[in-house]
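Residue strings, one per chain:
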Amino acid sequence: MAGLTEYLDMGGYARYVWPAYIIVIAAIALNIFLARRALKRARAAAVRRLAIKGDS
Amino acid sequence: MAWTWFHKLGSPPYVYKLAATLTPWLAWIAAALIAYGLIGGLVISPADYQQGEGYRIVYVHAPTAWMSLQVYMVMAVASAVALIWRIKVAHAVAACCGIMGATFTACALATGSLWGGPMWGTYWEWDPRIIFELVLLFQFLGYVGLRSAIDDTQRADRICALLAIVGVVNIPIIHFSVEWWNSLHQTASVMKLGKPTMPLDMLFPLLSMFLGYAALFGALLLTRLRAELLSRERSATWIREVLHA
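For the protein sequence lines, the chains are A and B, in the order given.
Counting with the numbering used here, you get residues 3 to 58 for the letters of the first sequence.
Counting with the numbering used here, you get residues 12 to 256 for the letters of the second sequence.
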């Protein structure tokens with residue numbers, strides 16, 4: 003337990019090191035989410051367009 | 012004959028299918044490399060003899076900063092290819108880069124600030140490399156803003172392509188700023204000719220992060236590119252084929 007606390011403390015640099023990692027991981031997660039959402043929306047829009055074309 | 016592959020890359024259905032095939036491979040490669048980079052950077056590599064554990068920020072700072080330049084180069088080269096050879100797919104590639112480049116650049120500035128706090132004694136310094144990296148962030152944001160402000164896609168493509176090509180002058184300035192001017196930043200220790208000045212147990216996780224970020228960017232770019240092609244090629248017959256595949 004003491005070892006884990008010491009590790010998380012990062013030699014006194016915890017308040018710099020961990021926020022840096024959190025920012026980057028959050029940014030990566032956001033980019034993955036936005037890219038997948040863009041594709042999902044574009045596919046849904048294309049399917050709708052094809053359905054309208056098929057009806058007309 | 013030798014240029015067949017290049018001509019194929021101008022075909023939206025070919026690129027769409029290629030992107031769909033490559034994306035999961037790139038995503039898994041990125042996940043593996045970044046996972047090794049994170050474990051290596053946070054656990055395996057030893058503390059720095061001067062900066063102690065604080066230097067571990069390098070494993071997220073340096074790759075994001077490097078990627079911010081690479082993403083801009085991809086955007087500028089795609090823009091140039093699109094203007095010179097009038098390839099619509101290249102315009103779509105450039106259009107996908109803006110928001111990702113802005114994210115990498117913002118991350119580079121934020122993590123650099125967090126590193127500068129304890130090491131330089133300040134979160135912000137008007138250092139040449141930081142200034143021009145901030146300019147790069149404005150370039151990406153300006154590109155995204157300009158593109159979204161123009162309704163006509165073809166007009167937006169042409170104007171944004173010119174903006175991206177003109178702005179490429181900032182990339183060598185950022186890269187060489189540490190050599191041209193007095194800077195708080197150190198000169199290159201990994202991306203340089205000859206032997207890197209980092210010990211190998213620190214270097215391998217860092218290289219893994221560099222490659223992992225590049226693969227991640229590839230996967231994200233191809234995902235966004237598929238969305239962009241579906242939106243642009245509204246009336247194309249190939250869309251029915253790929254959606255029902």
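One thing to keep in mind: the hints can contain errors.
Restricting the straight-line Cα-Cα distance to at most 27 Å, the calculated cross-link-like pairs of lysine-lysine (DSSO-like) are [what the hints assert, rightly or not]: (1) B:Lys28 / A:Lys42; (2) A:Lys42 / B:Lys99; (3) B:Lys19 / B:Lys99.
Just so you know, the hints here were simulated from the structure itself, not pulled from any lab data.
Structure-based check of each hint:
no., hint, result
1, B:Lys28 / A:Lys42, "holds (16 Å)"
2, A:Lys42 / B:Lys99, "holds (22 Å)"
3, B:Lys19 / B:Lys99, "holds (12 Å)"
The earlier numbered hints are all upheld by this structure, with none contradicted.
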